[in-house]
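Visitor: The chain contents come next:
Number of protein chains: 2
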Amino acid sequence: MRFRFKQPVPLSLLRPPLPASAFRSLSQHSSFGIAFDIDGVILRGANPIGNSQRALRRLYNDSGSLKIPFLFLTNGGGIPESRRALELSDILGVKILPSQVVQGHSPFKTLLKRYENEFIVATGKGEPDVVMSEYGFKRVVSLDEYASYFSNIDPVAQYKRWTTRQESKCSKNSDKIIHQGYSKKVKAVFVVSDPVDWGRDIQVLCDILTSGGIPGEKSWHQPPLYFAADDLQYQAAFPSERLGMGAFRIALESVFNRIHEKPLELTCFGKPNPLVFRNAETILGHLLQSDVRRGNGDPGPGSPSFKTLYMIGDNPLVDIKGAQQVVDTVEDAVAFILKREDAS
Amino acid sequence: MRFRFKQPVPLSLLRPPLPASAFRSLSQHSSFGIAFDIDGVILRGANPIGNSQRALRRLYNDSGSLKIPFLFLTNGGGIPESRRALELSDILGVKILPSQVVQGHSPFKTLLKRYENEFIVATGKGEPDVVMSEYGFKRVVSLDEYASYFSNIDPVAQYKRWTTRQESKCSKNSDKIIHQGYSKKVKAVFVVSDPVDWGRDIQVLCDILTSGGIPGEKSWHQPPLYFAADDLQYQAAFPSERLGMGAFRIALESVFNRIHEKPLELTCFGKPNPLVFRNAETILGHLLQSDVRRGNGDPGPGSPSFKTLYMIGDNPLVDIKGAQQVVDTVEDAVAFILKREDAS
Chain G
1 MRFRFKQPVP
11 LSLLRPPLPA
21 SAFRSLSQHS
31 SFGIAFDIDG
41 VILRGANPIG
51 NSQRALRRLY
61 NDSGSLKIPF
71 LFLTNGGGIP
81 ESRRALELSD
91 ILGVKILPSQ
101 VVQGHSPFKT
111 LLKRYENEFI
121 VATGKGEPDV
131 VMSEYGFKRV
141 VSLDEYASYF
151 SNIDPVAQYK
161 RWTTRQESKC
171 SKNSDKIIHQ
181 GYSKKVKAVF
191 VVSDPVDWGR
201 DIQVLCDILT
211 SGGIPGEKSW
221 HQPPLYFAAD
231 DLQYQAAFPS
241 ERLGMGAFRI
251 ALESVFNRIH
261 EKPLELTCFG
271 KPNPLVFRNA
281 ETILGHLLQS
291 DVRRGNGDPG
301 PGSPSFKTLY
311 MIGDNPLVDI
321 KGAQQVVDTV
331 EDAVAFILKR
341 EDAS
Chain Z
1 MRFRFKQPVP
11 LSLLRPPLPA
21 SAFRSLSQHS
31 SFGIAFDIDG
41 VILRGANPIG
51 NSQRALRRLY
61 NDSGSLKIPF
71 LFLTNGGGIP
81 ESRRALELSD
91 ILGVKILPSQ
101 VVQGHSPFKT
111 LLKRYENEFI
121 VATGKGEPDV
131 VMSEYGFKRV
141 VSLDEYASYF
151 SNIDPVAQYK
161 RWTTRQESKC
171 SKNSDKIIHQ
181 GYSKKVKAVF
191 VVSDPVDWGR
201 DIQVLCDILT
211 SGGIPGEKSW
221 HQPPLYFAAD
231 DLQYQAAFPS
241 ERLGMGAFRI
251 ALESVFNRIH
261 EKPLELTCFG
271 KPNPLVFRNA
281 ETILGHLLQS
291 DVRRGNGDPG
301 PGSPSFKTLY
311 MIGDNPLVDI
321 KGAQQVVDTV
331 EDAVAFILKR
341 EDAS
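In order, the protein sequences belong to chains G and Z.
For the first sequence, my numbering begins at 1 and goes up steadily by one.
For the second sequence, my numbering begins at 1 and goes up steadily by one.
Derived by calculation from the structure, the hints in this document are not laboratory data.
We put the CB at the ideal spot given by N, CA and C, even for glycine.
Misleading hints may appear alongside valid ones.
Stated by the list, open to error - Stretch by stretch, here's where chain Z covers chain G in the computed footprint (C-beta under 8 Å, at least three residues):
(1) 142-153
(2) 192-202
(3) 234-247
Bound-form chain G, shown alone:
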């Protein structure tokens, strides 16, 4: 699978805004970092591709310490970063830290101050409510759970035959009342990862968002709606690309705007938003500092900064705007970078 890489934005945007005096060249440390997309680059489904294990080992010293700071920068998600790091470590055979995993929903942490104690709904594959509670949100429920508060909210529910025993998460929630007219107002909705049940999600989201947060009412005030990403399509295990969160957003928006007078308002995170890459650079900087503090070389007076942040991805629209180099595998990409940076 061919992919492209380059600096995703002009270099100046990637340099942290430090005064010149704070800048110190750490010649024994890497002055570049790498951000890897996951799907279609490192893995297809749960399987390594493009010799990714070998490619990543080149970023470590023989002692096992990190030589070249890198992280995974994906628009996917659905489980906490700590758990994803363990999965990736397992599959790839190198130790990945939670801080090296940046998922589509990672920036939702920045909304904690605003919604920490507010009643919010989260949806998407995996465990969107667990993701959000681990970020510190105290009153989040999954859309699965929220829908269970309302009898008959999903008109085709009886045609969905359960094949596995439902986890009884719901019974722990003392607020659960199975009746119509559930009265706690939803203050915001978070699409954390790819929705699984589009029909039910679109129905219930329309109910929440046209009602000011209380299904059954009518309101002009739409609770804020946040998306972790906006990928129209992405590479999964099937040979041709699959519809992503961006496709779900288009479907929801088109239906919502037909049944409600005021158009849907929403905020999307994720690549290719430049802030995502800026955040990646910051994280790589912290990784480098941790490395220094562990005694791997001479500590400098200020924060390190990178000359170059490399992004390796396979989706030109999302990972890279304007490719400069084209290679076939992630192993080739890493080899190219190390040679270019004379850091083999």
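Please build the complex by placing chain Z on the supplied structure of chain G, with the hints as guidance.
Guide: Frame of chain G; chain Z shown alone:
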């Protein structure tokens, strides 16, 4: 629940095109007929409302024979008319004939000549493939079954703790091959009833319709796509209206048109298409003829024709364009009609 009724189209369109000499007033027979919507008028979910049982009994003689020809005209569906008639008879306490049940997909029968021996896919709640095979289509599979031919076609399948598939059906199909690149070309797609798994259906329909019928290929020729109806919303058991097949159509169309250069082409059946009401009048005419042949009165020389076809429905956009009368229940509606027609 308030609803409106009137003749849905100007009277002239409802009179069958017979020469004047064939017309005979059958004074001992009804010169009017009634078409009832089901959801929100006769039933809510599976429960009678508006005293519908009592209302319908007024349309029969004491002997149990049909006095006033009537039928059910719904945009819903998903099971064969014969089975729906049994269900309705059971709930309503009167004997409903299969010919008195006209569902959204009933007009698909008219496409039999074109697709009888073609490989076609049908989707929607209930048993869309059974519906189509009972109409005479010989090579139809459900979308559930079709999707099972392709590994990983649904990228979130592993997160679904439910299935829409009817397990026992699939194993009988000797054509089933679980591999990618299934090579039988899909010649047309039928949305028979409300889709259950919107995400999976939208993905697989996009795969079929952008590929000329063979997922994985690219083609400008889109296989024909037929919808049994186009209701944006409809009254089900939940207090406020639920999204219908029309909402699914909007969602599919919006996604498809973003990933494919040529806009989606489709054909919708169902109310408020005037042909649907014309077809209803024809069926009521047949009902009347059968009644005559059973010895209930003097047979006329030609087909009977109606002066008036009444439609009783609750969806102004779908059932009625321009209401003339407003009543609260179907019992009130029937009483009004019988009084007006002096047929109590």
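Visitor: Run every hint past the structure and note whether it holds.
Guide: Hints, one by one, checked against the model:
| no. | hint | verdict |
| --- | --- | --- |
| 1 | 142-153 | holds (count 4) |
| 2 | 192-202 | holds (count 7) |
| 3 | 234-247 | holds (count 8) |
Of the numbered hints listed earlier, not one is contradicted by the structure.
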